[in-house]
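S.K.: Take a look at the letters that make up each chain.
There are 2 protein chains.
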Amino acid sequence: MADHRQKALEFIQDHKNQSLEKMKELISIPSVSTDPERAGDIKEAAEWLRKELESLGMTRVEIHPTPRHPIVYAENLSAGKDRPTVLIYGHYDVQPEDPIEDWNTDPFTPTEKGENLFARGATDMKGQIIATFSAIDAIHQTGQLPVNVKFLIEGEEEIGGSYLETFIKDNTELLACDFFLNPDTGMQAPDLPTITYALRGIAYFELRVQGPKHDMHSGTFGGAIHNPAQVMTDLLSGLHDKKGRVTLKGFYDRVIPLGEEEREELSKLPIKEEFYLQQGGVKALWGEEGYTPVERTGARPTLEINGLYSGFIEEGQKTVLPAYAMAKVSCRLVADQDPVEVYEQFKAYLEENAPETVTWELTQMSKDFPSLSDRKSKWIEAYVKAAEAAWGKRPIFKREGGSVPVVVHVQQSLGVDSVNIGFGLPSDNMHGPNEKIHLPTFYKGIEALVHFFFNL
Amino acid sequence: MADHRQKALEFIQDHKNQSLEKMKELISIPSVSTDPERAGDIKEAAEWLRKELESLGMTRVEIHPTPRHPIVYAENLSAGKDRPTVLIYGHYDVQPEDPIEDWNTDPFTPTEKGENLFARGATDMKGQIIATFSAIDAIHQTGQLPVNVKFLIEGEEEIGGSYLETFIKDNTELLACDFFLNPDTGMQAPDLPTITYALRGIAYFELRVQGPKHDMHSGTFGGAIHNPAQVMTDLLSGLHDKKGRVTLKGFYDRVIPLGEEEREELSKLPIKEEFYLQQGGVKALWGEEGYTPVERTGARPTLEINGLYSGFIEEGQKTVLPAYAMAKVSCRLVADQDPVEVYEQFKAYLEENAPETVTWELTQMSKDFPSLSDRKSKWIEAYVKAAEAAWGKRPIFKREGGSVPVVVHVQQSLGVDSVNIGFGLPSDNMHGPNEKIHLPTFYKGIEALVHFFFNL
Numbered sequence: 382m383a384d385h386r387q388k389a390l391e392f393i394q395d396h397k398n399q400s401l402e403k404m405k406e407l408i409s410i411p412s413v414s415t416d417p418e419r420a421g422d423i424k425e426a427a428e429w430l431r432k433e434l435e436s437l438g439m440t441r442v443e444i445h446p447t448p449r450h451p452i453v454y455a456e457n458l459s460a461g462k463d464r465p466t467v468l469i470y471g472h473y474d475v476q477p478e479d480p481i482e483d484w485n486t487d488p489f490t491p492t493e494k495g496e497n498l499f500a501r502g503a504t505d506m507k508g509q510i511i512a513t514f515s516a517i518d519a520i521h522q523t524g525q526l527p528v529n530v531k532f533l534i535e536g537e538e539e540i541g542g543s544y545l546e547t548f549i550k551d552n553t554e555l556l557a558c559d560f561f562l563n564p565d566t567g568m569q570a571p572d573l574p575t576i577t578y579a580l581r582g583i584a585y586f587e588l589r590v591q592g593p594k595h596d597m598h599s600g601t602f603g604g605a606i607h608n609p610a611q612v613m614t615d616l617l618s619g620l621h622d623k624k625g626r627v628t629l630k631g632f633y634d635r636v637i638p639l640g641e642e643e644r645e646e647l648s649k650l651p652i653k654e655e656f657y658l659q660q661g662g663v664k665a666l667w668g669e670e671g672y673t674p675v676e677r678t679g680a681r682p683t684l685e686i687n688g689l690y691s692g693f694i695e696e697g698q699k700t701v702l703p704a705y706a707m708a709k710v711s712c713r714l715v716a717d718q719d720p721v722e723v724y725e726q727f728k729a730y731l732e733e734n735a736p737e738t739v740t741w742e743l744t745q746m747s748k749d750f751p752s753l754s755d756r757k758s759k760w761i762e763a764y765v766k767a768a769e770a771a772w773g774k775r776p777i778f779k780r781e782g783g784s785v786p787v788v789v790h791v792q793q794s795l796g797v798d799s800v801n802i803g804f805g806l807p808s809d810n811m812h813g814p815n816e817k818i819h820l821p822t823f824y825k826g827i828e829a830l831v832h833f834f835f836n837l
Numbered sequence: 382m383a384d385h386r387q388k389a390l391e392f393i394q395d396h397k398n399q400s401l402e403k404m405k406e407l408i409s410i411p412s413v414s415t416d417p418e419r420a421g422d423i424k425e426a427a428e429w430l431r432k433e434l435e436s437l438g439m440t441r442v443e444i445h446p447t448p449r450h451p452i453v454y455a456e457n458l459s460a461g462k463d464r465p466t467v468l469i470y471g472h473y474d475v476q477p478e479d480p481i482e483d484w485n486t487d488p489f490t491p492t493e494k495g496e497n498l499f500a501r502g503a504t505d506m507k508g509q510i511i512a513t514f515s516a517i518d519a520i521h522q523t524g525q526l527p528v529n530v531k532f533l534i535e536g537e538e539e540i541g542g543s544y545l546e547t548f549i550k551d552n553t554e555l556l557a558c559d560f561f562l563n564p565d566t567g568m569q570a571p572d573l574p575t576i577t578y579a580l581r582g583i584a585y586f587e588l589r590v591q592g593p594k595h596d597m598h599s600g601t602f603g604g605a606i607h608n609p610a611q612v613m614t615d616l617l618s619g620l621h622d623k624k625g626r627v628t629l630k631g632f633y634d635r636v637i638p639l640g641e642e643e644r645e646e647l648s649k650l651p652i653k654e655e656f657y658l659q660q661g662g663v664k665a666l667w668g669e670e671g672y673t674p675v676e677r678t679g680a681r682p683t684l685e686i687n688g689l690y691s692g693f694i695e696e697g698q699k700t701v702l703p704a705y706a707m708a709k710v711s712c713r714l715v716a717d718q719d720p721v722e723v724y725e726q727f728k729a730y731l732e733e734n735a736p737e738t739v740t741w742e743l744t745q746m747s748k749d750f751p752s753l754s755d756r757k758s759k760w761i762e763a764y765v766k767a768a769e770a771a772w773g774k775r776p777i778f779k780r781e782g783g784s785v786p787v788v789v790h791v792q793q794s795l796g797v798d799s800v801n802i803g804f805g806l807p808s809d810n811m812h813g814p815n816e817k818i819h820l821p822t823f824y825k826g827i828e829a830l831v832h833f834f835f836n837l
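Each protein sequence line maps, in turn, to chains X and P.
Quick note on numbering: the first sequence equals residues 382 to 837 in my numbering.
Quick note on numbering: the second sequence equals residues 382 to 837 in my numbering.
Hints were generated in silico from the structure; no laboratory data involved.
On a predicted model such as this, the values are computed, not experimentally measured, just so you know.
Every residue gets a Cβ at the ideal spot worked out from N, C-alpha and C, and that includes glycine.
Incorrect hints may appear among the rest.
[What the hints assert, rightly or not] Here are the in silico distance ranges between beta carbons for each label pair:
| hint | chain 1 | residue 1 | chain 2 | residue 2 | range |
| --- | --- | --- | --- | --- | --- |
| 1 | P | 418 | X | 756 | 52 to 62 Å |
| 2 | P | 552 | X | 695 | 50 to 60 Å |
| 3 | P | 447 | X | 695 | 51 to 61 Å |
| 4 | P | 740 | X | 480 | 10 to 20 Å |
[Said to hold, decoys possible] Stretch-level coverage of chain X by chain P, calculated; a stretch enters the list once three of its residues show a Cβ under 8 Å from a Cβ in chain P:
| hint | stretch |
| --- | --- |
| 5 | 582–594 |
| 6 | 610–616 |
| 7 | 666–672 |
| 8 | 676–685 |
| 9 | 772–784 |
[Claimed, not checked] With the C-beta cut set under 8 Å, the calculated list includes, among others, these residues of chain P facing chain X:
| hint | residue |
| --- | --- |
| 10 | 415 |
| 11 | 585 |
| 12 | 694 |
| 13 | 807 |
Chain X on its own, in the form it takes in the complex (with noise of 0.2 Å):
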């Protein structure tokens, strides 16, 4: 088997050039899952996966459709009974590409730039997609594979309130295994493995605040119809107190507080305050009172507006007074907060201030909850030892920002516990303009990944 391991190690030094192009392949079908107009370039993707993982030897493939975009799943468990069985998640779908204005590159045309790949859905997560791909490509092109490996591949990952949780819930027995291995988190470094132990949920928001029945004149009526803009403007602003804290009350009730110990380990992560300024371009740094950056990003809920509108946008003036606004709200949780208990909070926010001039509607969109891994499971361990192998280094633990659901519905349904990894880069703009994935970690990555099949 330590041959088998070599001739892998070797199979993938030769074949970079076949990752790359693979990636570059999938990139290039504009998968968005929110936009219905691309519902057949889902389709697409999913098709594209199929035939990939057939190549692969998997000797069961199967598209399973939902009410919304198929779900892909495929099987090889010619390793036996007596060897563990690993379930591989991925999504194949993307972000939306807009501000499309601030992309150098077209979004779909994946594009080189010295050791980076520039397109949307290079990070999150087709390039990780391909990293599983071409280990078990290795693998199974110079040998027997040493794990029996099933793949599950989504496809609304990027929506929120996916069919998948249904599909694990339905699909108990297909899905049985021995762990989950989620790489959709990252790495904090190029030169640092990461594993990720506790993940955010989130509950998403929209809420819409109607005043008048029509845009009016604000001339002719503003000083006496109430601006629902500006009651939008009084109630997001009510949702933060003077310290950074969300006033939702109870929001805070079950948040499990940082332990002593847990916050020294955090605050041996190298990200520091430097680090968000310099992402972000930012002079000063914003935040809940008491916490490090790390810290809030991580261990901490929070509450973002990801959008906001009303009335008159365009270039030039209009004196409206507009019929009505909107805001995209998000909160992320952390263990053990409840995305429902959050909407619950929120009405119960919007029923205190909202004034009688307006009427309001408050839609839930994602509710996910936040998830925390044992740091210390066997398959932890073999990829602890697996990154040693790969990057020289013993990889640090750390807490995610963002939200992977599937984390939580697969600990729930199959009682399992994860393994969260991936070889993303926090300057990688995921969600934003100008994505990438950077090419060496992305190698790197496929290594590592062949370890730690033949660690387990």
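Chain X is fixed; fit chain P onto it per the hints.
M.R.: Leaving out everything else, chain P in the frame of chain X:
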């Protein structure tokens, strides 16, 4: 002359359909002055006016180019030096038609329904232009004009900061007149002829708050990078206090307080709370404590959010921490407020209240002074009698919440007073979707104008 008046009145009765058709022709040209793509339509509207003015017997008709949209000038001074000269104002541009989805009919296809004609620009103010044209036409076709007439029709009233101000300053001889007739205000109800003696000024701003240099992932960076949409809501929310007063320092310093006599006069206007509730379709009104809705909208300054944008506002969800937020904000001003002083006050507010986590930029678009007219001038007396002849009722006097900057420019440069009238109704949805004009009031208006020109 009594005979001529009678003939002219008969002429308008016999040519109602011609007036309607002319109005439809002008309205069908989508002369949206803020839209650079419609510069051709603006030009077409100016040409249309030139031809019409020539057919009305104007002896001199000129299109004066400006750096943006042309000004149409025309005159017929055949009444002679012992007769008064009236300068008649108009603007042939219209507001943008959005939100287009809220229109029941095409905004630029004039559509009759019952007593109303629906289209963008019907009431503001192409219908009013045609009313003056039809009155002059009727007098001209049936005899000699009893007054010298000059027309001044601009194409950028809806833009703000128009070149008309410069044109008036540079052409005081050409525009010299005894008084200014401005038909761009309205009537309180179909049976209530109205003279407007005060117009609010306007200071229109665009505020941009810049946070991170590009959109960021709200999970990874939310809680450490200050969200510019949140900063924007804090800043905008702070612009009013709990009594509905604007918080800008010095904002009320120059406001002429309402005297008891004027308050009593205004209280006689048939516009009560019920009117605003009905027009807005809202359950409750809002505004500055201690003032009635009529006072709030006419005699007190206000601050409104006209537009608001940040981040992701399409269907679906995107977990973005936006790079910037933008707001369009305008203040309606009353005598003797100064729109440039208000800009300084807004800037001082931002300097004091914007956090160092963001940068901001405040641009002033419109800066038009408020205006107050002499309620007892002989020109106004002539219109009082004309309105009595047309409607059988003495007109009421009111303050207008909207702004007609040209009245201020004419007062300042030509040193003459104004007669502010018009045949639009508060229910005409000026600036909103489904703008309309009430046809019976439009026809009565032509009749009143004929009387007015003979009364002078």
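S.K.: Run every hint past the structure and note whether it holds.
M.R.: So, going through the hints one by one against the coordinates:
1. P/418 <-> X/756: 52 to 62 Å: Given range 52 to 62 Å: holds, Cβ gap about 60 Å.
2. P/552 <-> X/695: 50 to 60 Å: 32 Å, violated
3. P/447 <-> X/695: 51 to 61 Å: 22 Å, violated
4. P/740 <-> X/480: 10 to 20 Å: 18 Å, holds
5. 582–594: With 6 residues in contact (Cβ-Cβ under 8 Å with chain P), the coverage given for the stretch 582–594 of chain X holds.
6. 610–616: Answer holds; 5 residues pass the 8 Å Cβ test.
7. 666–672: holds (count 4)
8. 676–685: Since three or more residues must qualify, the claim that chain P covers the stretch 676–685 of chain X holds, with 5 doing so at under 8 Å.
9. 772–784: This one holds; 4 residues, not fewer than the three required, reach chain P with a Cβ under 8 Å.
10. 415: 3 Å, holds
11. 585: Holds: closest Cβ of chain X sits about 5 Å from residue 585 of chain P, inside 8 Å.
12. 694: Residue 694 of chain P check passes; min Cβ-Cβ to chain X is 4 Å, inside 8 Å.
13. 807: It holds, given that the least Cβ distance between residue 807 of chain P and chain X is near 7 Å, below 8 Å.
Going down the numbered hints, you'll see the structure goes against 2, 3, while the others check out.
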